[in-house]
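Protein chains: 2
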Amino acid sequence: MSIQIGILGYGNLGRGVEYAVDACADMELAAVFTRRNPASLQIRKTGVPVVSVDEINAWKDKIDVLILCGGSATDLPVQTPKYAKDFNVVDSFDTHARIPEHFAAVDAASKEGGNVAVVSVGWDPGLFSLSRAYASAILPDGKDYTFWGRGVSQGHSDAIRRIVGVKNAKQYTVPVKAALEAVRSGRNPVLSTREKHTRECFVVLEDGADAARIEQEIKTMPNYFADYDTTVHFIDETEFNEKHGGLAHGGFVIRSGATGDNGAHRHVMELSLKLDSNPEFTASVLIAYARAVYRLSAEGQKGAKTVLDIPPAYLSPKTNEELRASLL
Amino acid sequence: MSIQIGILGYGNLGRGVEYAVDACADMELAAVFTRRNPASLQIRKTGVPVVSVDEINAWKDKIDVLILCGGSATDLPVQTPKYAKDFNVVDSFDTHARIPEHFAAVDAASKEGGNVAVVSVGWDPGLFSLSRAYASAILPDGKDYTFWGRGVSQGHSDAIRRIVGVKNAKQYTVPVKAALEAVRSGRNPVLSTREKHTRECFVVLEDGADAARIEQEIKTMPNYFADYDTTVHFIDETEFNEKHGGLAHGGFVIRSGATGDNGAHRHVMELSLKLDSNPEFTASVLIAYARAVYRLSAEGQKGAKTVLDIPPAYLSPKTNEELRASLL
Chain A
1 MSIQIGILGY
11 GNLGRGVEYA
21 VDACADMELA
31 AVFTRRNPAS
41 LQIRKTGVPV
51 VSVDEINAWK
61 DKIDVLILCG
71 GSATDLPVQT
81 PKYAKDFNVV
91 DSFDTHARIP
101 EHFAAVDAAS
111 KEGGNVAVVS
121 VGWDPGLFSL
131 SRAYASAILP
141 DGKDYTFWGR
151 GVSQGHSDAI
161 RRIVGVKNAK
171 QYTVPVKAAL
181 EAVRSGRNPV
191 LSTREKHTRE
201 CFVVLEDGAD
211 AARIEQEIKT
221 MPNYFADYDT
231 TVHFIDETEF
241 NEKHGGLAHG
251 GFVIRSGATG
261 DNGAHRHVME
271 LSLKLDSNPE
281 FTASVLIAYA
291 RAVYRLSAEG
301 QKGAKTVLDI
311 PPAYLSPKTN
321 EELRASLL
Chain B
1 MSIQIGILGY
11 GNLGRGVEYA
21 VDACADMELA
31 AVFTRRNPAS
41 LQIRKTGVPV
51 VSVDEINAWK
61 DKIDVLILCG
71 GSATDLPVQT
81 PKYAKDFNVV
91 DSFDTHARIP
101 EHFAAVDAAS
111 KEGGNVAVVS
121 VGWDPGLFSL
131 SRAYASAILP
141 DGKDYTFWGR
151 GVSQGHSDAI
161 RRIVGVKNAK
171 QYTVPVKAAL
181 EAVRSGRNPV
191 LSTREKHTRE
201 CFVVLEDGAD
211 AARIEQEIKT
221 MPNYFADYDT
231 TVHFIDETEF
241 NEKHGGLAHG
251 GFVIRSGATG
261 DNGAHRHVME
271 LSLKLDSNPE
281 FTASVLIAYA
291 RAVYRLSAEG
301 QKGAKTVLDI
311 PPAYLSPKTN
321 EELRASLL
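Chains as they are written, first to last, in the numbering used here: chain A, 1 to 328; chain B, 1 to 328.
Keep in mind that a hint or two might mislead.
Put simply, identical chains are the same to the list, so a pair is met inside one copy or across any two.
To be verified - DSSO-like cross-link-like pairs, simulated, lysine-lysine; straight-line CA separation at most 30 Å:
hint: 1; residue 1: Lys196; residue 2: Lys318
hint: 2; residue 1: Lys318; residue 2: Lys143
hint: 3; residue 1: Lys196; residue 2: Lys177
hint: 4; residue 1: Lys219; residue 2: Lys62
hint: 5; residue 1: Lys219; residue 2: Lys82
hint: 6; residue 1: Lys143; residue 2: Lys177
hint: 7; residue 1: Lys45; residue 2: Lys62
hint: 8; residue 1: Lys111; residue 2: Lys302
hint: 9; residue 1: Lys318; residue 2: Lys302
hint: 10; residue 1: Lys143; residue 2: Lys45
hint: 11; residue 1: Lys111; residue 2: Lys219
hint: 12; residue 1: Lys82; residue 2: Lys62
hint: 13; residue 1: Lys60; residue 2: Lys45
hint: 14; residue 1: Lys177; residue 2: Lys85
hint: 15; residue 1: Lys177; residue 2: Lys219
hint: 16; residue 1: Lys177; residue 2: Lys302
Hints listed in this document are in silico derivations from the structure and should not be mistaken for laboratory results.
Source: prediction; values computed, not measured.
Isolated chain A (complex conformation):
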């Protein structure tokens, strides 16, 4: 009997989960739940029911793990605690500063329901967090650096689109090569925000909009752009649609540290990700952790966990014996 997966929310991430389940021989997509009118939603897979989220309770015994594919701003803070009462769940909650409170709410709900929940799964938070945890435990005398990109920041693109006169916009976060190389050299440089990343914006204007004013508004926007070297390119809608529809992303987590006699020996550990599709890769991570959730729940475990709490072997369809023979 394969692991029965439910998807709640059929946006980019939900579609990525649909693909990721297909890639796993031990899993099956049981249903897609939506807040929209189910009749209006066409999913890729034939034969899988699309169900109103209002009817989700009827599926309690038919879903092993429910993947919550909503956004971190308003969806997941409500949805994850709510559904963790009735389902084993995985989410990708990524508002770093609010993870402790989110974890606490989900932990209480999942314990009340006797379920397992894994929150903040993906690549950052997620794989990057794992890398930071392993590397800092191994090289206590060292320093962590995280770089993002080149990739699309949804939040920054949204911020530009809210400016009057902007029809469409996409913002790329770009790591500064010189900073990356300085970190890789093991010199443990002190880097300002401006020295680590630049921001590159592609903007389509409304007819008659004032490009100079908009460029100025972008470059001086506090929190989002003021602390960065920002480039703004105005392009027409055709070029925008042709060249900026992708969702590629990636990044680097580097720890550089020292061991031995007065720190004589330096070591550099680096995880790098180059992703053609941020949502599809994130979905693939969610699905690997869904397998872990299924197993933890089968063992009788309860409550919220993060990637830091889960043994790597739980993510793999292979047995422990196979893993020891093939991967160690």
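Model the placement of chain B on the given structure of chain A, informed by the hints.
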């Protein structure tokens, strides 16, 4: 009360463990055990007893975790099962093909003694195994590549030294840049042994030895060199001692895989390590897992484990709350 660490075997790895314990505020070196005459062994730290391994049983209640720093060829297959009966242990057993039988022997012994053992800790096996496990679970439709170097292979250096007429030798394993770049591009190339690594040898001859014959013997040595492009440099002893005393190493684990519509989107995950001192870095990994062993034992767990079985949070001196707030 800090975690009391014992070291068995005071070679390069044992000395690395001594440094690694110093770097951890929650640990203390309790004793160094040796097969040599303890009076003949001068360790770096003052005030730490050097004890004959024959007297190790008197230390059963004074050591929380014993770090086994012997070699994989003959020491660890005997030592790890033997000492796992009386101590929580960590070893770096790295004969990949024999890990399953080593694990089984250590598992039986540690369960009999009610102890926890973690075997095959280090970077390969170890961190590279973790990387392969995470990446293959996340991108099932993909391919793993492991490259080693540039770094010293002890086994290959030994093999050269066994040739008649060779006074000293060091062999560096070097990853081929073009192969690395092909893998990083996501093209999933099929690579022969020869295409992945070259071998570079620095050899000091005995007086009157036949360089041409020795070069030929090295380059045609089955298993060790015959399948590789090998370069042999003959140098004098002064240059050898000046330039080839280091123990730097490193390597790359890359998984390249596809997701989405007919694998339309490609993703590349890469872990890279650049290590000034292979034994000191390996020792730092052993010590992070010693912390995990201590905790698992305190929870009442028993038996053998590998890095694949241990939640990352167990390696860190931080609490789960601190980890969630700072590293996720």
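What are the numbers of the hints the structure violates, in ascending order? 4, 5, 11, 14, 16
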